[in-house]
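A.B. asks: Letter by letter, the chains look like this.
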Amino acid sequence: ETGVTQTPRHLVMGMTNKKSLKCEQHLGHNAMYWYKQSAKKPLELMFVYSLEERVENNSVPSRFSPECPNSSHLFLHLHTLQPEDSALYLCASSQDSGRGETQYFGPGTRLLVL
Amino acid sequence: GENVEQHPSTLSVQEGDSAVIKCTYSDSASNYFPWYKQELGKGPQLIIDIRSNVGEKKDQRIAVTLNKTAKHFSLHITETQPEDSAVYFCAATANTGGFKTIFGAGTRLFVKA
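Chains as they are written, first to last, in our numbering: chain A, 1 to 114; chain B, 115 to 227.
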């Protein structure tokens, strides 16, 4: 257990569905991240939140919408996804962002878009 | 843009042998270099890290070396065991006032019993 939990662990959705991924960290960290992990590609940073404010948005399509209601919770709202969005979505947290802090990852949500 | 290259992409060793994974980074401002291990069905977990003011760090069977001049850093696993089989990622973080961690593409390590 890393102190970062993600739900659901697996998700299958159609291209017209709306779903949300949830991440919770129990480490008292101030920064949270969403990554996309596709086969044989480096981890792709999607969003960074620091103290509940979004500080990074790496040109992610608007069909992905993050939400950070407090420093312990992070959501990724999904809407009209494409099959190429199928991947493992990882949440991570760190004490602070941008200062060489170790990131602690959750187990990920395996997403399949049909 | 900045990137981190990781080699090899796949590595197969016999149990008890050593394994070496190498990474090269491009951003000279990088000063923190973590290594993560990802087992099947789990997220990446930190196994060792090194900062730019240190050339080598060791933790039991795992060691990391850093050559800042050449912008190279490597992970060394000695006396490999089957449970070392996993995907390993290197990363480089630049302390430039904003978030900037770049990951390598990963190395899949197989340790044959």
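Check the hints yourself; a few may be wrong.
Said to hold, decoys possible - DEER-style ranges, computed between Cβ atoms:
| # | chain 1 | residue 1 | chain 2 | residue 2 | range |
| --- | --- | --- | --- | --- | --- |
| 1 | B | D131 | A | H79 | 30 to 36 Å |
| 2 | A | S72 | B | K156 | 32 to 38 Å |
| 3 | A | R54 | B | N209 | 18 to 24 Å |
| 4 | B | Q174 | A | P8 | 31 to 37 Å |
| 5 | A | N70 | B | E119 | 34 to 40 Å |
| 6 | B | Q174 | A | S72 | 28 to 34 Å |
The set of hints was computed from the structure by calculation and includes no laboratory data.
Backbone N, C-alpha and C fix where the C-beta goes; we use that ideal spot for every residue, glycine too.
A.B. asks: Run every hint past the structure and note whether it holds.
C.D. replies: Hint check results:
Between D131 (chain B) and H79 (chain A), the C-beta spacing of about 49 Å breaks the proposed range 30 to 36 Å. Taken as a hint, the range 32 to 38 Å is violated for the pair S72 (chain A) and K156 (chain B), whose Cβ atoms sit roughly 21 Å apart. As the Cβ distance of R54 (chain A) to N209 (chain B) is approximately 20 Å, the hint placing it in 18 to 24 Å holds. Between Q174 (chain B) and P8 (chain A) the beta carbon distance is about 36 Å. The supplied range of 31 to 37 Å therefore holds.
Checked against the hint of 34 to 40 Å, the C-beta distance between N70 (chain A) and E119 (chain B) comes to roughly 38 Å, which is consistent with it. For Q174 (chain B) paired with S72 (chain A), a C-beta distance near 33 Å keeps the hint of 28 to 34 Å intact.
Of the numbered hints stated above, those contradicted by the structure are hints 1 and 2, listed in ascending order.
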